[in-house]
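In order, the protein sequence lines correspond to chains B and E. Note that this note's numbering gives residue 211 to position 211 of the first sequence, counting from 1, and the numbers run on in steps of one. Note that this note's numbering gives residue 61 to position 61 of the second sequence, counting from 1, and the numbers run on in steps of one.
Keep in mind that the hints are not guaranteed to be accurate.
Claimed, not checked - Simulated pairs of lysine to any residue, SDA-like, Cα-Cα distance not exceeding 25 Å:
no.: 1; chain 1: B; residue 1: Lys128; chain 2: B; residue 2: Glu113
no.: 2; chain 1: E; residue 1: Lys157; chain 2: B; residue 2: Gly42
no.: 3; chain 1: B; residue 1: Lys77; chain 2: E; residue 2: Leu42
no.: 4; chain 1: B; residue 1: Lys174; chain 2: B; residue 2: Gly188
Everything labelled a hint here was simulated from the structure, so no lab data went into it.
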Amino acid sequence: MNRKKLIELRGITKSFDGEVVLDNISLDIYEDEFITLLGPSGCGKTTTLRIIGGFETPDSGDVIFDGARINDTPPYKRHINTVFQRYALFPHLNVYENIAFGLRVARIRDEEEISRRVREMLEMVNLKGFERRHVTTLSGGQQQRVAIARALINKPRVLLLDEPLGALDLKLRKDMQNELKSMQKRTGITFIYVTHDQEEALSMSDTVVVMNNGSIMQIGTPTDIYNEPKNAYVADFIGESNIVDGVMIDDYSVKMSGHTFVCVDAGFGKNTPVDVVVRPEDVDVVAPESGMLRGKVTSVTFKGVHYEVIVDIGGFKWMIQTTDYVAPDAEIGVDIEPDAIHIMNKSEYSGMFGDYSSFSDELDALSENTEEEED
Amino acid sequence: MKILSRLYLILVFIFLYAPIAVMVLISFNSSESTTQFSGFSLYWYREMLRDSATLEALRNTLVLSISSAVVSTVVGTLAAVGIDRMRNRFMRGAVMSVTNIPMMNPDIVTGISLMLLFVFVGTLLGLESYLSFWTLLIAHVTFNLPYVILSVLPKLKQMDKNIPEAALDLGCTPLRSFFKVELPFIMPGVVTGFIMAFTLSFDDFVISNFTSGSSFETLTIHIYSMIKKSVKPDIYALSTLIFAAVLLLLVVYNMSDRSERDDARGKKRRELRFRGKEGGAAK
Numbered sequence: 001m002n003r004k005k006l007i008e009l010r011g012i013t014k015s016f017d018g019e020v021v022l023d024n025i026s027l028d029i030y031e032d033e034f035i036t037l038l039g040p041s042g043c044g045k046t047t048t049l050r051i052i053g054g055f056e057t058p059d060s061g062d063v064i065f066d067g068a069r070i071n072d073t074p075p076y077k078r079h080i081n082t083v084f085q086r087y088a089l090f091p092h093l094n095v096y097e098n099i100a101f102g103l104r105v106a107r108i109r110d111e112e113e114i115s116r117r118v119r120e121m122l123e124m125v126n127l128k129g130f131e132r133r134h135v136t137t138l139s140g141g142q143q144q145r146v147a148i149a150r151a152l153i154n155k156p157r158v159l160l161l162d163e164p165l166g167a168l169d170l171k172l173r174k175d176m177q178n179e180l181k182s183m184q185k186r187t188g189i190t191f192i193y194v195t196h197d198q199e200e201a202l203s204m205s206d207t208v209v210v211m212n213n214g215s216i217m218q219i220g221t222p223t224d225i226y227n228e229p230k231n232a233y234v235a236d237f238i239g240e241s242n243i244v245d246g247v248m249i250d251d252y253s254v255k256m257s258g259h260t261f262v263c264v265d266a267g268f269g270k271n272t273p274v275d276v277v278v279r280p281e282d283v284d285v286v287a288p289e290s291g292m293l294r295g296k297v298t299s300v301t302f303k304g305v306h307y308e309v310i311v312d313i314g315g316f317k318w319m320i321q322t323t324d325y326v327a328p329d330a331e332i333g334v335d336i337e338p339d340a341i342h343i344m345n346k347s348e349y350s351g352m353f354g355d356y357s358s359f360s361d362e363l364d365a366l367s368e369n370t371e372e373e374e375d
Numbered sequence: 001m002k003i004l005s006r007l008y009l010i011l012v013f014i015f016l017y018a019p020i021a022v023m024v025l026i027s028f029n030s031s032e033s034t035t036q037f038s039g040f041s042l043y044w045y046r047e048m049l050r051d052s053a054t055l056e057a058l059r060n061t062l063v064l065s066i067s068s069a070v071v072s073t074v075v076g077t078l079a080a081v082g083i084d085r086m087r088n089r090f091m092r093g094a095v096m097s098v099t100n101i102p103m104m105n106p107d108i109v110t111g112i113s114l115m116l117l118f119v120f121v122g123t124l125l126g127l128e129s130y131l132s133f134w135t136l137l138i139a140h141v142t143f144n145l146p147y148v149i150l151s152v153l154p155k156l157k158q159m160d161k162n163i164p165e166a167a168l169d170l171g172c173t174p175l176r177s178f179f180k181v182e183l184p185f186i187m188p189g190v191v192t193g194f195i196m197a198f199t200l201s202f203d204d205f206v207i208s209n210f211t212s213g214s215s216f217e218t219l220t221i222h223i224y225s226m227i228k229k230s231v232k233p234d235i236y237a238l239s240t241l242i243f244a245a246v247l248l249l250l251v252v253y254n255m256s257d258r259s260e261r262d263d264a265r266g267k268k269r270r271e272l273r274f275r276g277k278e279g280g281a282a283k
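Next comes chain B alone, as it looks inside the complex:
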């Protein structure tokens, strides 16, 4: 695709009180793109967004917008608008005046034009008839819509969204995800979206930027990120993964857990230690005698669509998602297709993730709660 670069971040570094928040970030953002910055709390995604919005200045590096360096351009001179995490609506103004704010600041005097454009926006965010309502009387989802309408009325080139759906319940989140995506398609405005929710990132974005500890781990399309994670960190953060120690015997052949598998990756060299990623849904459960590997089921959890099965294979706990019930403590065999095996080079994250020996739903819920408290 021949698209135009709209924003370039060049070697951005930022620290607060001596603590490095962003470490030499470089990123290209194109016109008409839905790009998501994805990462856990404190990974620097919000800071990156604030630097693009002009609320923080980088310690070093350049922010380039449409070919011009804008490091020192204040937010009110940038063609970029923001939807803030907690909406930040103006509590002393009603819905209409909140949305009209950008027009009034731009000193548009024609009340008819203001009224027309506000109505247009209200229609876009499905809030017709809410003009005279006070913003404090609105629910979270409605406030969110007002915030989006307010940010879009000045027709910015770029819309920044800082975890805009964080405070909404699941059902509303799903609806808003679809709406945001279609809004982006309709308006052709570049959306830069920040979230820690990997599912949200995968389902909405054209491009996902996975961040950790102030660095970019991987940039790619959602399918790339999911199917071809660059390292153990990305593989673990995006969806569930079994990350196993392996040795690349030769091209298209990898040995792990004592069995040599056929795979589709090549070019790693002979007898190279690697990380092998197998997604839980790609593991087939078979009879113990006929499986490539065999192991003992340690726990089974019903998840609705599938069962989540933890299997101990030679001391390593695998997660398998299967629609067929298996009994706890049963011996089972597993098969893995060649294209289900993804090979990654060893990295600093090797061995840190992808083993489900300490896995429990409780722990999962705990870590999710801490993620809610965003940076």
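Place chain E on chain B using the hints.
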């Protein structure tokens, strides 16, 4: 038990308001006696209104308390904004202690030190009479400032820092953002600060006594000088009027406060009613 607690409450109110009740009663006395009520009359009110010096003092006090309240509200609000934006916690603490000193300091110390300063500077500048309306104004602004700052600061703390950022984001310069977004948000604090400054300034005797010259007499100073001669019931009449005015101000203030609260409660009710429709609007 219930009767006892009622009784206790009544006793407290008697304790608080008996002096004022007596003063109000005596102000309507037809004779000059403070011990015998010989009949209802408005004589002392007429007497008081005929006294041009008292009226002059009242006018002076109003001019002084309004102007000092305005100045300290403006300066105090700006100071609060500055303090709120301080990133260095130690510096902020230091500045807050310094601003709080005039509030904690005994009035008499503040009064004497201000007088000394005015005399010192006045002599240095070679002025003939250095204590005037202006010195009084400076003194009043000095002791009003911390009250304004303390009533504005919590409002600023309450404000989501993204709100002024949203205004910048939508094209406001920092100055416009302040007037269009921040000021409306902190307005209740600013108004409270203003009312507090006004009443403090209106009330003040000790500091005014040290910093006003003979050319500008406030009401409290005037009353004090009248008492030194002889206490006549026209002072009770004046005090009763002031009390009535304060009472009125308080009632109006509380009423507006309550209507604001009722408003908020109404909003919550409306919000609850609305939640049912939420799902429909989302689609």
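*Starting from the hint list further up, note which numbers the structure goes against and sort them upward.*
3
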